[in-house]
Each structure stands twice: as C-alpha cells, then as structure tokens.
Amino acid sequence: MSFLEEFQRWSFPGVQQRIASSNGARVEQALSRSAGQLDADDLIALLSPAADAALEQMARQAQATTRLRFGKTVLLYAPLYLSNICYSQCTYCGFSYGKDIRRLQLSPEQAEVEAGLLHAAGIRHILLLTGEAYRESSINYIGDCVERIARSFASVSVEVYPLKTEDYLSLRWRGLDGLAIYQETYDPRRYAAVHLKGIKARMEYRLECPDRAGEAGMRRIALGALLGLSDAASDVFFTALHARYLMQRFWQTQISISLPRLRPATGVDDVASIGDRDFARFLFALRLFLPDAGLTLSTREPAPLRDELCGIVATQISAGSQTSPGGYSDSGAARQFEIEDRRTVRQVADALAARNLDPVFTDWSPALK
Amino acid sequence: MAQSDPQPLVIAGRSFHSRLFVGTGKFASTAEMRAAIDGSATEMVTVALRRIDLSRPLEQQDLISAIDRSRIQLLPNTSGARNALEAVQLARLARELGGGNWIKLEVTPEPRYLLPDPVETLAATQELVKDGFVVLPYMHADPILALRLQDAGAATVMPLGSPIGSNQGIRTAESIRIIIEQARVPVVVDAGLGAPSHAAQAMEMGASAVLVNTALAIARDPATIAEAFAWAVLAGRSARLYGDLHSSERMPAAASASSPLTGFLGRPSQDNSGN
Ligand code: SF4
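In the order they appear, the protein sequences are chains A and B. Residue numbers are given in our numbering: position 187 of the first sequence equals residue 187, and the series is strictly consecutive. Residue numbers are given in our numbering: position 123 of the second sequence equals residue 492, and the series is strictly consecutive.
The shape of chain A in the complex, shown without the other chains (with noise of 0.2 Å):
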C-alpha cells in the first residue's frame, strides 16, 4: 500500500477539467465547511479560477485556521547546498546532466564549515541538498555531511535523490530527522517531458518515496509541485491528497508542502506564469483542507509577498539562502535557481518581528529523534 495506488484512481487531465467547470455556488458550499473538514471536491472548487472573487474570504478563514493551529509563529530555516554534480536531466534546472557549468561538491569538511556560517547567523533548522550522483554523493557521503552538522543544528533535512526505506534509516540514525522530496509535477505526460534522464525519470519510484521515508519514521516530510510545469491548480490538487494520504497513514509525522513556481527564464519556454493571486489562493485552499500542514515559502518569491503570505498563512519560510554550493563562502559556483529575497536570516526575522510574527529558529531538539 503506497500512495501510488490512491494517485491511480485519479486521472490529471480529469482534475484538471473539474476545476475549470466549477463554480460560485460550490465554492460557497466549500467555504462553509470548518477547515479540516473539507473533502476532494471541496478542494477542487477552491482551486478554481471560481474561487478568486472569494479569495478574501479564503483568506480570512486560512489566517483564523493558521492562527489556531500555529499560533503566531513562523520557523525560519536555511539550505545548504552539498553537490551541484547532478546526472539527471530535468529541463527546467540549472543543474542538469550536461549543462556547462561550474560543479562542486563540498566535503564534509567544508560542509561544516559552510553550515557554521548559518549557525553563526542564527539558523537551527537546515537542510541539506545534492543532485542525483549516487557516486560523489554517495549515501555515506551524505551520512558523512549529516552526522557533523547534526552535533549542532536541532533539525537537519535532506533533499536528495530518492532513496530505499533502509537508506533513509540508517540516515536516521546519523542525525537526519526529515526529507524534502518535490514530485515537481503529478501530471504524468509532463511528467515524462521534462524529465529526461536518470532516475528522476521514474515517475513512479519517486511517488512512493515519501511513503519509504515514512516507513522510517522520519519526523518531517516535505512534498512540492513546480507550479508552472503543467496545470498548476491541478499540481496543487494532488500535492494535497498526496500530503493528506502522508499525514493519514505517518501521522506522527508532521507533513509541510512548499509550491515554487518556475520562472519562465530557466530554460523551459512553454511554462505558463502563476499570478499572485492564484498563488496565494492555492496556499488558502491548502491551509482550508489541510489545517495542520506546514507551507513553505521559498526564497524565490521576492520578499514583500513572502512577508504578507507569512501574515495570512505560511508557516516556515527559507531565509538568507544561497543555492550553490559553497555558497555561504562564495565558492562561485553555479545556483540551482535565482533567489528573489535576499534579505540577510536577521532582515527577514525583523521584517516578521514587526508583523506581529515570532521568527522561530527552533522547534526541535536533537534528543528527540
């Protein structure tokens, strides 16, 4: 029993067509539900286009609920990128197979090093990133870099390529306590498109790696759509059945979901651009149907929204990242993605201090894992 199964008896294309025919009156209907009580075609109905002239009274409703679920906190968290070596090909990522860039992977060593620096700036909570190279980034390489900076960060992540059940435990044994696995797209004919190489290319195999990571008892799970690769409405449907699955079958497990969107720039040139108003009411329906969940907002989004999103319903957002490795110490090599917020961890905890937030470094301890 995986995800995979309750993924398959849903079809994309179908989703994708029941939101764009919903309407007022049933997004009324949804509206009326208590969040956490809303089901699929709730969901449905406030994803749609339908749902925009609502979209203050979502918010609404998706502040009470964050408010009452996570009080008026926000975590702050770092990346920390290991290795931009990556043999996979995904068209839309400047780190692919064959690009002609500059490549690094740090030490562990050097790893320390670099994640002192976020130490130093005050992050407790980071996580740890590699391209798929099982070679250089070999488990025990990742081990490695996890073991030395677990002694003083209270959680380390990864997001790494998607590993067996028995990988992630021994992975927890060295101090990992979660895993950030991004589908990128549910839609399976896109899916297939821009995923050309490696074994990112197998679609399946990395929708059932949550489901592997929980089967070890990770304490945190993170799942994400690259909004812009195909539907976004849809994408977003099926992160949050993927993440309710999550949260109903792991369910001492805390489930977060992030939704990047692509920027056109980065080297796929049939990406339709998501608007800030759909965004923020694809957040609003998350929050609705999934009151408990963690939102996430990258360093993507430039920081004025990040900031009013943190107001209404993000819950952790990344703060003065670099995406290179060696980034933190200028090492020159290539990013992963532009960032569009880069303010300092101390600007953007200010900026949160001053909305009446708690910027949160640390909501875990190491003896608990």
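Warning: the hint list may mix true and false statements.
Stated by the list, open to error - Per label pair, the in silico range of CB-to-CB distance:
| no. | chain 1 | residue 1 | chain 2 | residue 2 | range |
| --- | --- | --- | --- | --- | --- |
| 1 | A | 8 | B | 435 | 35 to 45 Å |
| 2 | A | 204 | B | 593 | 50 to 60 Å |
| 3 | B | 499 | A | 98 | 46 to 56 Å |
| 4 | A | 344 | B | 499 | 50 to 60 Å |
| 5 | A | 248 | B | 608 | 47 to 57 Å |
| 6 | B | 419 | A | 248 | 44 to 54 Å |
| 7 | A | 23 | B | 419 | 35 to 45 Å |
| 8 | A | 72 | B | 407 | 30 to 40 Å |
Bear in mind the hints are in silico, worked out from the structure with no lab data behind them. Model, not experiment: these values are computed from the prediction. All C-beta atoms, glycine included, are put in the ideal place defined by N, C-alpha and C.
Here the structure of chain A is known, so what remains is to put chain B with the ligand in place on it, guided by the hints.
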C-alpha cells in the same frame, strides 16, 4: 422505507447502502428484534456470541436464522470478553461455527459501564487481523487509540458516544470529531445513541455509520423507532454532504472588513486567458 444513500459505505470490500447498524441484545422477543431489523432496513447486524450456543452450527439457532444473511452482514461480537485472549477465542469459535470472518471486537472488563479496555482491544485487534478477521473494534472516543487500531489493520473504528445502554447521546463529540478528521477507515459511532436525533448528529459530524441497539430494544414499538432512526441517519448524512452546519472556525462572510488581507494582491484580472 427510506431511500438509500447515494454513496454506499464500503467496509473490507463490501458495500452497504444503509448506514444504520443494529444490535440484537435486550429485545423482548426474537419477533420484536426481527421487526426492528426490518424497520431499520439495516444491512449489518451484530449478535453477541455469548448469547448463542457455541456448541452447534450458528445457522440452526433462532437468533441467527432470524437474520437474512443474503442481504445482511452478520457481525458476531465478543461482548463479555474481559481480555484479548477471551475475545480472540470467541472470535475463532464463531468462525468455526459458520459465523464468517467479520468480528465486532468488544473487550469490556468491568461489568457496570461496559467501557472498552484500550490495551486489550489493541492487542486483540493485532491478533485477529493477523488471523484473517475483518475487525471492527469498539473503543472509547480516543483519537490516538483510533490511529493505533487503524495501524493494526482494523476495518473500522467504533468509538462510543456515551456508555452502552445509557441513551445519553454523543457526550464525546469533540474527540469523535478529531477521530473522524484523522480517520482513514470508516468511523462508526457506537453506543449511547438513545434517540434518532443522536444518530442524525453523529452523521452530521461526518460519521460513516452508527450502531444502535438499546434504544430499539426497549422501545414500545421497535419497528417504528427503527424506521425513525433510519430516516435520521439519512437526514444527518444529507446534511453532512450539503456542508458543515455548525463550525467553530467558520468566519463570518464579512465583506465589509476594514482592511482587506488580500489588498496587496491587486484586483482580480478580468481577462483570465492565462488560465
Ligand atoms: S532538479 Fe535535481 S535531479 Fe533534476 S537536474 Fe536539477 S539537481 Fe538534478
């Protein structure tokens, strides 16, 4: 009789068009019990194994032969069992005698309130699931226990509304609400439903089904009250499908809020051609 639900309830691959389950204890006669079953239009009937002779095939016994098993799922229950061992033994015996592999698990060590023992219920569920049973455990309205029972492979969870035979209705509403929100198996509210309005309330809250026994057994006219329960279940279910009626987190649709939250997002675009 009342029309059936548009979406049947599915438990362990079997579809139920009625979401009212009926218990067979405490009736004045088998005839009254049968009248209640007919009036309710139920498709799931539970029978206490301690009330039948476990030394001969079940089909030859009055209580069982009164139930039309072509239409109704027989759900033997282990009431009276004080621990997991006793419950498992009863269940196996029932299966050997032709009672099928569905079992309503009841482990109630104290005889006054008949409250279910969480520790023994979990242990018995694990054992019976391993042994191939479809297990429907009776439990207190404890959300974590509900999750544990689901992990153990329970086919449903059956939290109590109030103690068995108390007819007090749903006194555990907030916990049942959480159980329903988190459940990945059907939630059947069992015990304490004394009036049709209690059953309607359970369905409005999102329960998948309810189980009623005492309220029918002690009624002056069990058949009529059973029918009233059937209507109440449908009414509550329709209300649930319609939308949430009493909601604590629901916001007033205040269109005239002083400072809109979404002002920073600009006006809706007239031209939605991008979508
Ligand atoms: S998205 Fe990941 S797997 Fe794909 S090219 Fe980029 S780094 Fe490699």
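Checked hints:
A hinted range of 35 to 45 Å for the beta carbons of residue 8 (chain A) and residue 435 (chain B) is consistent with their spacing of about 43 Å. At roughly 55 Å, the beta carbons of residue 204 (chain A) and residue 593 (chain B) sit within the given window of 50 to 60 Å. At about 52 Å, the beta-carbon gap between residue 499 (chain B) and residue 98 (chain A) stays in the expected band of 46 to 56 Å. Look at residue 344 (chain A) against residue 499 (chain B): about 56 Å separates their beta carbons, and that is inside 50 to 60 Å.
Range check, residue 248 (chain A) to residue 608 (chain B): about 24 Å between beta-carbon atoms, so the 47 to 57 Å window is missed. Distance hint for residue 419 (chain B) and residue 248 (chain A): a CB-CB separation of about 35 Å, inconsistent with the stated range 44 to 54 Å. Roughly 55 Å separates the CB atoms of residue 23 (chain A) and residue 419 (chain B), a value that falls outside the hinted 35 to 45 Å. In this structure the hint that residue 72 (chain A) and residue 407 (chain B) lie 30 to 40 Å apart at CB is violated, the actual value being about 57 Å.
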